[in-house]
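Chain residues, written in single-letter form:
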Amino acid sequence: MTAVLITRAGPLATLQDAGRFGMLAQGISASGPMERGGFAAAGVLLPQAGHTAIEFTTAGLAFRAEGSLRVGCAGGQFSLAINGKAREWPAQLRLDEGDEVEITPGPAGNYGYLRFDREIDVPPVLGSRATNLTVGLGGYKGRALRAGDRLALGTAGAPAAPAREPAADGPIRVLWGLHADLFDAKARNDFATVGFIVSTGLDRMGVRLTDPGQIFRTQRRLSLVSDAIVPGDIQILGDGTPIVLMRDHQPTGGYPRIATVVDADLDRFAQMRPGTEVRFRPVTLEHAR
Amino acid sequence: MTVDLKPTLLPLGDRALLVRYAETLSDDANRAAIALARAFAADPIPGVGEIAPGLVSVLLRATDGADLGAIRGEVMLRLGAPLPDVKGRSHVVEIDFDGEDTGEVAATLGLTRADFIARHGARPLRVLATGFAPGFVYCGFHDEDLVLPRREAIRPMVPAGTVLFAAGQTAIAATPIRTGWHVVGRTRFQNFDPLRSPPTRLAAGDEVQFRSAA
Numbered sequence: 001m002t003a004v005l006i007t008r009a010g011p012l013a014t015l016q017d018a019g020r021f022g023m024l025a026q027g028i029s030a031s032g033p034m035e036r037g038g039f040a041a042a043g044v045l046l047p048q049a050g051h052t053a054i055e056f057t058t059a060g061l062a063f064r065a066e067g068s069l070r071v072g073c074a075g076g077q078f079s080l081a082i083n084g085k086a087r088e089w090p091a092q093l094r095l096d097e098g099d100e101v102e103i104t105p106g107p108a109g110n111y112g113y114l115r116f117d118r119e120i121d122v123p124p125v126l127g128s129r130a131t132n133l134t135v136g137l138g139g140y141k142g143r144a145l146r147a148g149d150r151l152a153l154g155t156a157g158a159p160a161a162p163a164r165e166p167a168a169d170g171p172i173r174v175l176w177g178l179h180a181d182l183f184d185a186k187a188r189n190d191f192a193t194v195g196f197i198v199s200t201g202l203d204r205m206g207v208r209l210t211d212p213g214q215i216f217r218t219q220r221r222l223s224l225v226s227d228a229i230v231p232g233d234i235q236i237l238g239d240g241t242p243i244v245l246m247r248d249h250q251p252t253g254g255y256p257r258i259a260t261v262v263d264a265d266l267d268r269f270a271q272m273r274p275g276t277e278v279r280f281r282p283v284t285l286e287h288a289r
Numbered sequence: 001m002t003v004d005l006k007p008t009l010l011p012l013g014d015r016a017l018l019v020r021y022a023e024t025l026s027d028d029a030n031r032a033a034i035a036l037a038r039a040f041a042a043d044p045i046p047g048v049g050e051i052a053p054g055l056v057s058v059l060l061r062a063t064d065g066a067d068l069g070a071i072r073g074e075v076m077l078r079l080g081a082p083l084p085d086v087k088g089r090s091h092v093v094e095i096d097f098d099g100e101d102t103g104e105v106a107a108t109l110g111l112t113r114a115d116f117i118a119r120h121g122a123r124p125l126r127v128l129a130t131g132f133a134p135g136f137v138y139c140g141f142h143d144e145d146l147v148l149p150r151r152e153a154i155r156p157m158v159p160a161g162t163v164l165f166a167a168g169q170t171a172i173a174a175t176p177i178r179t180g181w182h183v184v185g186r187t188r189f190q191n192f193d194p195l196r197s198p199p200t201r202l203a204a205g206d207e208v209q210f211r212s213a214a
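As given, the protein sequences belong to chains A and B, one line each in that order.
Every letter in the first sequence is one number past the one before it in this note's numbering, and letter 231, counting from 1, is 231.
Every letter in the second sequence is one number past the one before it in this note's numbering, and letter 114, counting from 1, is 114.
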């Protein structure tokens, strides 16, 4: 049987399809790719692709082909080698039995994607093969991939949905959030003008930001009723730390949220590495496209 | 049902809207949110891919490519309509009141353990919302003299089936979670099974009668 044998995996390599939508009322967020553009691009590199990708991080990934298969590799900028021979990134690969693929960090990006010409043969859970690491749901046994895991490739894929146009460079656009009016004018003004730094505290649940200006340090603590969370919500923790909530977010939360990253810019934000300066620019709903 | 609450319509990013009935939790606001979610589910709004009721609000998630402005207009038009009466299903949930905090909670409330258990199940509660984690339900409201704030410290992982108590509510963990609520017991009632569809048994608006398993 055709399969991919994982020979090395970082701690956060997971299987992801487009996402497990429709389960918020049951308390389950959708998960799905951290960078939808890279996920889509990996599929478009193949004439037909399975709906499920391996999402890996800057820790990289290595695997051995068991049987002949094709792979689309995209998202971020990674270093790629087949049997020790370097290849360009992104890439479309034809692999034969025993070929060894090694992916190591490149100059940019936190997440990369591998899609195959067939579907990764894991059972869908609640309509999706996406892994929700917070809950331990879906994907490969509900967990991150490890060396020794064998992913069987099953039914033939289909032409993949194209990637949308990447959003422009520049500040990350936000809409003012659910609790923006609970922050004073100075905090709101500072939020929209000063820069934050992407910290090393980053995973599929959220990205913690360093706030060099300490603009939320004196923010008084608030006791708020829990409301629905959406990916991109920027909540301010009790100690003033801003955190941008990502694909494996809690479905509801009670920390104050000052703003929400617009959908088209969230993927670009997800690829920003620790140490990168990020600026937020409030826009109106009409300018969020 | 008729309510005097004035809902606020807020964008939650550019792909979702929130209809919020209040900024603090109340029985009226919660009932209104549940009723509105039922009304919208029964008569779908074009472009809305998902409706999720919360404690005092309803999330409407737009499908890919749908125009949020058009959805907002349609929601505005519908918010004036009377809300339906929600009659949820009834459930009985048995609890072993042997949690780490049961004795302390009873003592703080000035009750014996037996009195606390009796008062806890004195009448059925409503499922106020599912949220925080898969199948995690907030049930309320207990009588005002049973209201306790949350604990100062967060407890590391408590297992599925842990029964939690704070803020005039009882909650049931359906998956392992960290919690700042008081642990007052455990139940065999499993409200999350990913292999079932839907994966939860309790829905917002249902009635739950808690009963001592002993």
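There's no promise every hint is true.
With a straight-line Cα cutoff of 25 Å, these simulated DMTMM-like cross-link-like pairs (lysine to aspartate or glutamate) come out [what the hints assert, rightly or not]:
1) A:141 with B:193
2) B:6 with A:121
3) B:87 with B:207
4) A:141 with A:121
5) B:6 with B:115
6) B:6 with B:85
7) A:186 with A:203
8) B:87 with B:43
9) A:186 with B:23
Since the hints were derived computationally from the structure, they do not count as laboratory data.
Status of the hints after comparison with the structure:
no. : hint             : in the structure
1   : A:141 with B:193 : 15 Å, holds
2   : B:6 with A:121   : 50 Å, violated
3   : B:87 with B:207  : 9 Å, holds
4   : A:141 with A:121 : 12 Å, holds
5   : B:6 with B:115   : 39 Å, violated
6   : B:6 with B:85    : 18 Å, holds
7   : A:186 with A:203 : 30 Å, violated
8   : B:87 with B:43   : 18 Å, holds
9   : A:186 with B:23  : 23 Å, holds
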